[in-house]
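Undergrad: Start from chain A and add chain B according to the hints.
What follows is each chain in one-letter form.
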Amino acid sequence: MATPAKNAKVNPVSAQTQSESLGDSHKKSTSHDISGAEIVIRCLNAEKVKFVFGYPGGAVLHIYDEIFKQNGFKHILVRHEQAAVHAADAFSRATGEVGVALVTSGPGATNAVTGIATAYMDSIPLVVISGQVPVPAIGLDAFQEVDMVGITRPCVKHNFLVKDVRDIAATIKKAFYIASTGRPGPVVVDIPKDITAHKTSFHYPETVEMRSYNPVLKGHTGQIKKAIKLLLEAKRPMIYTGGGLVLGDGSPELVKLARTLNYPVTNTLMGLGGYPATDQQFVGMLGMHGTYEANMAMQNCDVLIAVGARFDDRVIGNPKHFLSQKRTIIHIDVDPSSISKRVKVDVPIVGHVQSVLAEMNALLATEVNQTGKSTKNDISDWWAQINEWRKVHGGRYEMSDTVIKPQYVIEKLWEVTRGDAYVTSDVGQHQMWAAQYYKFDKPRRWINSGGLGTMGVGLPYAMGCQFADKNAQVACVTGEGSIQMNIQELSTCAQYGLPIKVILLNNRYLGMVRQWQEFFYENRYSESYMDSLPDFVKLAESYGHVGMQITKPGDVEGALKEAFAKKDKFVFMDFITEQSENVFPMVENGRGISEMILSDEKKGAK
Amino acid sequence: MKHIVSLLMENEAGGLSRVAGLFSARGYNIESLTVAATEDPTMSRMTIVTSGSDEVIEQIIKQLNKLIDVIKVLDLNDGKYIERELMLVKVKATTPHREEMKRMCDIFRGRIIDVADGSFTIELTGSGTKLDAFIESLDKTAILETVRTGASGIGRGDRVLKI
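Residue numbers (the numbering used here), protein chains in the order written: chain A, 1331 to 1936; chain B, 62 to 224.
Bound-form chain A, shown alone (with noise of 0.2 Å):
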């Protein structure tokens, strides 16, 4: 991972030249010469890096020093290094732009990595610098070393070990362009401590190639052309987009297709908001939570167009069960390597999602124009079915006066938020919740760990979220057992003023284990009860934020809007919740999308 930067039309020095005048390379400085610490500063203002989340340490001091000499962008101070690549990771995420992090070497690296897995998983841009031991300790388990390259090199999309104050500059320009293009992910940028101190003179190189690196970007037009002509002719079409089509800014050209074919439509959890969820063809999300609807309509549609989404165990369930009928299937993607691998695919069409569906609205509008033909294909009699199915399930829960539903304060978050929200979720039944019940009409504002399934994402996100609107009303969605895995934030939350409000579904248990154990485990609640719980009200206040606990059914909504209200503050609400609610429906491991669980008293019969 010595990185010459050849291919980056700056700086061609081999790596033997580097290595043998690297003595030297600062000593010969001129009076234009600046330390590595300024040129990652310069570096990033070039980038128009806005936020910087990160956390001093040994080996990023002299980049700290460079920090506060400038104010090109605002570095926030986490309270754990987790929480501040999460942080960019929710900034990214909200605004479509790379996401920063700065983390020490050592346990600061080391930390981080959770965050990194976390935005891996689900393409997220991120860049992450982290200190490293100066370059002649390396190797000989100096303190705080630890060899980040090797370690992050699985849940990463590329990582660099910059040796040379001279590669630094076209290093973070290759890091940055990597993270955002093609299927984005998070790139590690480790930087040793001599490196920063080390001088050159500063350039930003304007372009990158790479010979080894250059995604695709149009889709092939005959296998298109081969699309339009399978959807036109479906009986039973359903249209499936994922988290790609939210990463990818394709959501209008997506709504724009849907509308003139009125095909229906389901979003993956990643996915949620890539298609206006108020709207008629709109059947909610599939998969192990989704909709009874939706979830037949995968199954048993005859044309299936994949948008962004990878067809994933939590998706499809079984795959040889989802292949048991058999259907035609169309997926964009802009990463080959997710086509064909769970499923095999009869039309891939690789390039990126905005391109191709801008495509495919171009060349539907010219048939329309050539033919004179309608576009509208018939498919009254699959509407009727989905609208039977609808019936069926219909997101239904059983209501109580005396204690508090979870999915009720969702419904009514959505009604006190306008459904406008900025809406974060840790991992758990409330994230499932969160998702069935909160009906998002716009990209970008539902922010949850789809992929790795991280606990004590969701302070971190909605501090991402704020940062990135601040103005927006952006709501944690979290569980007595998630919020605790990022609690010390509520310190950096404080610290920056940020009116976040946390909607902690309180149930005492870690719900979704609860859960599985009642289904598959004879409700043997082995671990899942959380006990010694802090007084969250308390605990809030502590830092300086208001606290309120909800215990009533009839409170929720009164309470939601005094929270809402209280435009500039951060307010925890702890609802104290119907502990044995399940989510439903619920599609067990390993069985088909369509054999669903719709019930407490169903789950016996399954």
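It is possible that part of the hints are untrue.
List time: in silico DSS-like cross-link candidates among lysine-lysine, alpha-carbon distance up to 30 Å [as the list claims (entries may be wrong)]: (1) A:K1555 - B:K127; (2) A:K1548 - B:K63; (3) B:K191 - A:K1674; (4) A:K1882 - A:K1899; (5) A:K1896 - A:K1769; (6) B:K151 - A:K1671.
Derived by calculation from the structure, the hints in this document are not laboratory data. None of the values given here were measured: they were computed from a predicted structure.
TA: Same frame as chain A, now just chain B:
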């Protein structure tokens, strides 16, 4: 089915571990892997012998292509190719078996590259199956030591892996 995958990648530190890590993380088989710089010192060429169903091989090729440092990947099994491997074998060679061992070496077109009082070291190149056959035809008790490089592969005729 056995496949030989050839690839070109940036000759940078850590390249080998990215490829090896990919195979172990995704549970792909790896029978042998050889790597060295090419005539252009900025590039390395790797030959990987692997096995799996067509779907698995397709994924392997796609995942290799996805590595940022990988420039080009070629599944040699998509066409005609030549495969060669080098093996060094140290065998017992004591009278009266010395002549017999020399003859066996000649039959397989091997070369004796080191001669000692009680042993020969034989150099043999060829496809993996030829090397296996040589080992098979030797008396097992005569083999003192073997070392193999793993296969290197190249396409026949006009098939060229180059940027």
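Undergrad: Take the hints in turn and mark each one as holding or not.
TA: Hint check results:
1. Distance restraint check for A:K1555 and B:K127: the Cα-Cα separation of roughly 27 Å lies within the 30 Å cut-off, and the hinted pair is therefore satisfied.
2. For the hint linking A:K1548 to B:K63, the alpha-carbon distance of about 34 Å lies beyond 30 Å, and the restraint is violated.
3. A hinted pair counts as satisfied when its Cα atoms are at most 30 Å apart, and B:K191 with A:K1674 does not qualify at roughly 37 Å.
4. The suggested pairing of A:K1882 with A:K1899 holds, with an alpha-carbon distance near 23 Å, which does not exceed 30 Å.
5. Between A:K1896 and A:K1769, the direct Cα distance comes to roughly 23 Å. Compliance with the 30 Å bound is thereby established for this hinted pair.
6. Restraint check for B:K151 and A:K1671: not satisfied, since their Cα atoms lie roughly 45 Å apart, outside the 30 Å limit.
Checked against the numbered hints listed earlier, the structure breaks hints 2, 3 and 6; every other hint is satisfied.
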